[in-house]
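Chemist: Sequence:
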Amino acid sequence: MSIDKPVTKKIHGWSRHLPPLNALKAFEAAARHLSFTRAALELNVTQAAISHQVRMLEAYLDQPLFIRQHQGLVLTEAAQLWLPSLEQAFDLIDKSSRKIRRQQAQRWRVAADVWSFGVWLQPCLGALLQAFPQLDWVSDQQREVDACLQTVLLTDTQDSQCWGEQSCWLVGKAGLLQTAGERILHWGEDHALWAAWQPQLEPLQECQVLDRLALCQALQAGIGVALLPASVASELLQQTSLQGRPTELRVAWQWGTETDWPWLHELQQWLDGQKQYERQQELALKSA
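1 is the number of the first residue of the sequence shown in the UniProt record's numbering; add one for each residue after it.
I should point out that these hints are in silico values taken from the structure, not numbers from a laboratory.
Here are the simulated SDA-like cross-link-like pairs (lysine to any residue), alpha carbons at most 20 Å apart as the crow flies: (1) K25 with L75; (2) K25 with L86; (3) K173 with S241; (4) K99 with T257; (5) K173 with Q243; (6) K173 with H186; (7) K25 with A49; (8) K173 with E206; (9) K173 with E235; (10) K25 with S85.
Label pairs and their computed distance ranges (CB to CB): (11) G126 with S241: 26 to 34 Å; (12) E235 with Q269: 22 to 30 Å; (13) G256 with A195: 19 to 27 Å.
Virtual Cβ for every residue (Gly too), placed ideally from N, Cα, C.
Please construct the entire structure, taking both the sequences and the accompanying hints into account.
Modeler: Here you go:
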């Protein structure tokens, strides 16, 4: 790791004095891990280099940043006050850099959780990929994404930014619908929905299913019951011998992003055009 000199920049008659960037990176990594060793592994430098950069930063600030103990590092009060601002600055630099790279490559990453993908994207995925070839759809486990489509549980005071509202149905074999607490199939990460619906449930058996086909097969095999959006429940009830009943839960989808991407508005308008079919399905389910 090279040793940087402090950066001084004149802005509107006054000078901005910044610590060396490498020292800031070393401190931020060490503070996150509370370890010089793990910070060195992350930044691909030696532990001695991390220690040297931190000491240089402490000399620049004229106060210690770490209390060195046998069990590891402890942040001083000054470090605890400074670290959040430094992390925010690094996050802003990272987002701006990724934005420039994405615009140059004309490609963007969009994540969707299991419910959002299975309900809104999968049925129209072919047309969606043709309409927006510049978008790469990734798992919601990915960190570097430009936008995220995520499922939210609606309340009476829910923000109007949510869209695609649907009710939730309990679906399974007829004999299992009254014993939902014993066998629960989770489609993706829907644990919060179950807890909101019946917080007293203490299931004897749980199983997480990420694939829609596998979920259908498990339900038909009588392995358990699942909470599903109305459109998915409607499809299963029409195509199989499964039974279902509505719950008081309502879900919707919203975009999780801090960036006002122009293509995001186009994508939402395109997805909004798919709503009518979903609404017709739900109406048909209610009138059945």
